[in-house]
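Here is what each chain is made of, one letter per residue.
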Amino acid sequence: MKIIWVGLVFLLSGCSSTYNLVEPGQVAVCDLYSVKPSIRWSEINKGDVRLWTVDGAQLESIRFISGIREGVSIMDITEEKHETPFRANMSESELVDAIVDAFSLSGAQQVKARDLRPAQFGNLEGFRFELGFMNEDGLNKEGVVIGTIVDQSLYLIIYTGTKIHYFPMYASEFDNIVSSIKIQKNH
Amino acid sequence: MICLSLRQLSALFFCIILIGCQSSPSTNGKTSTVARGYQPEPDTDEAGLWLVMDQAEKDLITSGKLITDVRVTEYLRQVICRLSNDICEDVRIYVVRIPYFNATMAPNGVMQIWSGLLLRTENEAQLAYILAHEIAHYRYQHSLQIFRQAKTTANVLAPFQVVTIAGGVSYVGSLAQIGAVGTLMKFSRDHEREADNGGFEMAVAAGYNPHESAKVWEGLEEEKDALDESAPSLFLSTHPSSGERVDTLKQRAIAATKPGNGWITGADRYNEVIDPLRFQLMSDELRLRRFPATQILLDRAADAGLRVSEIKFFQAELYSARAEKDDTSKAEAAYRECLKHPDAPPEAYRELAMIYMKSGRGQQALPLFENYLAQKPDAFDRSMVKAYIQRIDSEDN
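As you go down the protein sequences, you meet chains L and P in turn. In terms of the numbering used here, the numbers along the first sequence are unbroken and rise by one, the last being 187. In terms of the numbering used here, the numbers along the second sequence are unbroken and rise by one, the last being 1397.
No wet-lab data here; the hints were simulated from the structure. Just so we're clear, the structure is a prediction, and the values are computed from it rather than from any experiment. Some hints could be false.
Taking lysine to aspartate or glutamate pairs in the EDC-like style, the calculated list, with each CA pair at most 20 Å apart, reads [to be verified]:
hint, chain 1, residue 1, chain 2, residue 2
1, P, Lys-1358, L, Glu-130
2, L, Lys-112, P, Glu-1041
3, P, Lys-1386, L, Asp-115
4, P, Lys-1386, L, Asp-97
5, P, Lys-1376, L, Glu-125
6, P, Lys-1386, L, Glu-142
7, P, Lys-1358, L, Glu-94
Reference excerpt, derived from the structure (chain P facing chain L, CB under 7 Å, subset only) [as the list claims (entries may be wrong)]:
hint, residue
8, Ala-1253
9, Asp-1299
10, Met-1354
11, Met-1384
Quick reminder that beta carbons are idealized off the backbone N, C-alpha and C, glycines included.
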């Protein structure tokens, strides 16, 4: 299962499918954690990836990518030779490289990571960085990635949106969602 | 991806409609050549084809995929003008940041040179023979010929099969789609032979060393063999290569008459312009995770002008990315070798420090992390590295 790729396909294509409504309040994202949005989001699920958007995935979205396990590809779609397998001992810099590569390989242009730093993922130690890139049509987009490794598995939350208007419009809501991460008791 | 394909197809079908409505003069291959300032008649199928190409060019310009270093594009223009001075003003050059080997020339004069080509040519002569081959396709209007042939065989999508294939092969498709319409046409063997001959004569007339002409093809074949792939590279899929072609080029090189002032190889000139790009080119190449092919490039890198420190660095990066048995210790050794050179990339300090830190050698990692931050004060991961330093300090206290 190529979870990050699935997330990025969502990210860049904005494929249409059936969306469900996520109401404000505590929402379990996966076995590891829950979050508490303060506005309504439309949600679509694909495997272990949950995508939330208000105005459409090409305009802005939050992707919850959960439980990437050791040895699972994080870069490619179908060609095994291009896979970047996740390794639990990857440094944060290596993870950033893999994520930047995944964006680039899926068609994003001039992908640049900024300000990688330690960050809390709920009460767990994690990392956070910002992204700048252009989509295939040359539209400027911004992104934020936060992540953590728990029990040898990688968890990512990726917020992206058009640099003008949509990304800034929901940036504070995204920060609120990140601040609301509640780790389940058994972790 | 789907949206882009539809847009491309829409443009193509627009062109087909034009073909269906209008009569057009035929071209007979070898006798048809393009002269300076050439423009198709507005009521022809060729004009319709140009419309598609013009739209593809607009997409390319806004794609964000271009390397816009004026020094590089100006240098390439000089090479093209040396090869074909009469039409060089009609050629619009775009260096596209796609790490595969490819060069294309559309009927409207748009030349794309993919960054992977610049990593694989080692001097101006090698570059010139590739570009001359593409210019020859342009001069002989091969794109128009196969477009018309497709029309007559009711297989109008055939010339675009590489684009179609690219759309289905995720990786190549996503990288190659921008600006790909109309530039990735699969030429016939006759077209290839004609472009080989015309390009060779053009480059020899410009004084470029013909003994360099086969080397790029040999290198590509070597990469292909190392990868053990059934599918050839994108360039080879549209430009069939063979031992026969290499042999022919070598034989023609022997027979070529050396000009009075000697052949031009142009390694210094090439390196002067391309050297600042090499770090990025090799980084992009590594991203493909085609390790056997990248290893071949690294083995040849000294000849290609890459600095020893960079060769060691990328060798270490290859080991790190591959992460097979013993690769960590190989990477450690290569980073150490790299850091013996004063011009080692700052990232080498960080990467060696990470290996030390992961293996419980925090104290050895500390000075390397500090060196990294000192050499790269605006590093994007400065805060993270500072956190590593604090963690090591706190663990030792």
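Each hint, compared with the structure:
no., hint, verdict
1, Lys-1358/P / Glu-130/L, "violated, 25 Å"
2, Lys-112/L / Glu-1041/P, "violated, 45 Å"
3, Lys-1386/P / Asp-115/L, "holds, 12 Å"
4, Lys-1386/P / Asp-97/L, "holds, 19 Å"
5, Lys-1376/P / Glu-125/L, "violated, 25 Å"
6, Lys-1386/P / Glu-142/L, "violated, 25 Å"
7, Lys-1358/P / Glu-94/L, "holds, 13 Å"
8, Ala-1253, "violated, 35 Å"
9, Asp-1299, "violated, 20 Å"
10, Met-1354, "holds, 5 Å"
11, Met-1384, "holds, 5 Å"
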